[in-house]
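Colleague: Two chains, two frames, some hints: make the complex.
This is what each chain is made of:
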Amino acid sequence: MSDHSTLKRYLGNRKGSLGLAILVVLVFMAVLAPVISPYKATQIDPTAILQPPSAKHLLGTNEVGEDILSLIIWGSRISLLVGFLATFVAVLVGTAVGVVAGYIGGFTDEALMRITDFFLVIPAVVLAIVVAAVLGNTLLNVILIIGLLSWPSTARVVRSATLVYKQMPFVEASKCAGAGTAYILRRHILPNVLPLVYANTSLTIANSIFTQAALVFLGVGDINDISWGQILHFAYASGAITAGDYWYAIPPGLMIVVAVLGFALTGYALDEVLNPKLKAGVVFESA
Amino acid sequence: MGRYIAKRALTSIITFFAVLVLTFILFRLLPGNPVLLLFRNPQLTQQQIAQLSAQFGLNRPLYEQFILFIVNVFRGNWGLSFYYRAPVTQVLFPALLNSIILILPSTILAILIGVGLGVISGWKRNTLTDMAVLSSSLVLYAIPTFWLGILLIMLAVRIGGIPVSGMLSIGVSFTSPTQYLGNLLRHLLLPMITLTLVTLGQFSIIMRTSVINELTEDYVVAAYAKGMSESRLIRKHVVPNALLPTVSIIAISIGTVVAGAVLTETVFSWPGVGTLIYDSIARRDYPVLQGAFLIVALSVIISNFIADLVYAYLDPRVKYS
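Line by line, the protein sequences are chains A and B. Here the first sequence is numbered in the numbering used here, starting from 8 and rising by one per residue. Here the second sequence is numbered in the numbering used here, starting from 16 and rising by one per residue.
Treat the hints as calculated values from the structure; they're not laboratory data. Yeah, the Cβ is synthetic: ideal placement off N, Cα and C, and Gly gets one too. No false leads were mixed into what you were given.
Footprint (simulated), chain A over chain B, 3 or more residues, beta carbon under 8 Å:
no.	segment
1	21-35
2	148-156
3	166-179
4	271-278
5	313-327
Next up, chain B with everything else stripped away, as it sits in the complex (with noise of 0.2 Å):
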């Protein structure tokens, strides 16, 4: 348990350094001078420029560029963002924390809805349940993210009284932390609904494979021979089995989810990550791009080192080895 926990974590840092060299080759990759595509801001002075680049160590060789890159990203020091004339660090944080708050809700509906609905659909196969399921799953998982959005965001205008855009009603002062509470899940709303749908799809289809694949073992056989009863069996044995696979495919999907968290977010002005890479590309804020990239990367690592824990702690086999 222990060498595999360590293994796994060996490899999630390679991987976050394989993420780091990526990023530094890419944003070295921008045409033209980096001192002016990553500083260029009419507000900084000749003397902050040249403090900047010496802090980056842009007028070194590239090597020494590089190790520089590290230990600034290690340090927290993530340049400053052009458009807020602010620490990098300092406005992707409160994003990130936005961006959990819609993604984390969304991620666990998703998982349960989806596991749920293939442990159905696989214990009942070639029924109608198991077609609706199955046909719902696959037209949830060719929706585009954002155009699901859009249908909503339409939907809810027609209804009216739910807010489409943002996550705080702008202009009003809260009385009270319930109220700001209730204003703010309002707002989740849509973005929750879109984000679980276009995930659980993925979800529900391999469940489902794996919960068939589990039925046609001897072990599930030979209980029903013994008169366990069909529910109990479904229960105890097939699904803690069938999940094994489902978890392992999952964290491999996560990177899908936070692609559809960025997509979900800048449909409904959501102010998470995904909006702040949106409004970077826009306003050409090369810095923050960079950052929000690493943060997502990040993100997405420490899931799939999560996931693998999980399933360490499901599979007894990973356990004792």
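Isolated chain A, as found in the complex (with noise of 0.2 Å):
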């Protein structure tokens, strides 16, 4: 999807370009926390505990001196880290089970939806948090088990894709030219169901932001890493919340409406440029 009329039909609509910018300003704070960030996260200023905003800690600080602004600016790194490598698992598990199924059909597809509709029912944040309580809290188990668990909506698209496109006269003409599935999975089906991918990749993004901010926040995953839904966890903790301190409170929420709603608008811009038949429908399906 390289040409140029994808692009200007993308940046031609108006959820699609916010969407973008905000992923933009979000990659840049990201990448840049090092330059940006006023102070190190975690440097402490013993006399400034839980100030509001001032010229020297312009959110504000929280319960042990730390500057949030900063915090804001470090967490952007694990927020992110965990949507793109979360999802980075459930698009690789989704497109396998998708293509299979879809290519493959019979008793392998039916076996493959039936699981596929499993996870699809089961509250994935829910058996997020029991996985993670059991199997122990690393950043590489989150994003392990978010992914693993967000795959569904992709093997779903992926699946219906792919019955359109094995009925096409090149794949046809392919096998009688004596090409293997794997072949033919390789070269015609996958690069045709991709593009249809990307639109639900973004959305995937934003939930496994979402679903790591809710994890977090339960106490589910490591503490000690500087995420938004961390900053939450802490303020609600320490009790800054019954305290009134809206400066704690207000700014890392916000980071994650932005966050996800930038994600969202791309998917959702992505799915009515790329899939204009498609429309509608495919944002909630993985929430």
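Modeller: Okay, here's the thing in structure tokens:
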């Protein structure tokens, strides 16, 4: 999808350009954290504990005297990292399951789709909480858990697209020419199916960021890794919420909302531009 | 109709069985000896440990353990809570009841408001009203449940007088049932608003799409050309048809509602299954965690089954096939 018209149509889409702008800002924030953040993330100022915003600390400080703005900027790294890596796992599994189910069909398809439905029905956040609590709270575990619970929507999209492409004359021709299943999947099915995955990917990232924040807020995941959910966890646990320390509680949540909206809008727009026929409906499948 | 229900029921049973397998594997994956992990409790005597091991067959081969696990689940023998030193079911069911008190009204409210807003939005599509509904729905969808709860708590503390935690005031003895109910409802207010708001956004967006799709159908043009009033057309024809796909998507999203409930309960310390899960993680109370997971999965499966029945009732194509 490198042609000009697609890009033009994407940028002509208001939702799309807004979403993309948000993503660019977020990625810059994460990459340039050491440069733009006013303090080191864990730099403690014992003279300024739970201070409201001031010239010295633009977003105030928390209960141990850390600068909230710096925490927010550094926190974008883990939040985005988990979002991207978990989605990578999800897309990998989802695409594999979808292509195999759609192309091979028959019993394999039936079995794989039953498993997909199962994971679609099971409340992913609750399962993630339980699994993380059982397996241990490392960052890698959290990424794997979110990834391995988020693939069903991708699998469904890929499967239905595979079903369409497998009927195409060029696949038939390729088979007659003696191409094997693996070759056809790699050379003919996947390249056609992947554009459909992009829109879904963006939505999966939004969901992964969301889930990670929820897990960390509940104390599942590494509490020492700075992320937006973790800042909220401490805001809640330290009693800053009931004390009304708005500068502590509002910015991290706002960042989650902005990030989720950014990825969701991008996905929405990609969906409209790349698959006009499949428009809408996809957004909430993996929620 | 009968065959459809039977097929759905069978799927639900298979799904529950899959949940059991998953739970069994998950809680046997715990590093270390399951006897020690599932029954490690300083209060237990050596004899009790031996007795529990025999009851759950932990000294038997894995497949026998699995069969025993299934039998125990159906017998209501869900293990002992480390923390409460009581059977898991005894800990779980009051919490489940409390969760239902929160989830049921919130979900109904979210469906009513969400579907209503979706109809208005789809009907008046591309107007200012539509834009307002659509963008607020999108924002509600993007708001983390626990953060919305946090915002409401801060607001309530500022206003004063609205309880932000628990289900009943502590240390108050109620003289009449109305007083009790009033206290309960006041505690229910914020969690219910939170859960309703985070849930309704997705419903209104789905309903809007569905209504817009329905409005492009030929019968709509025909009815309009015949001179049917717009409001009657929407009420009698568009909405019933547009509800169909919405119902099936609402069914899929029941899991999301439950997840939202877990977070809502935790933020407001509402003594339901969600808070129990949260507390059990901190207490390493694995038997309760296992039971809570089973009960959550079971509720979602049952809700999905009910949604399927509603769908069959609404869609004559299912009824007569």
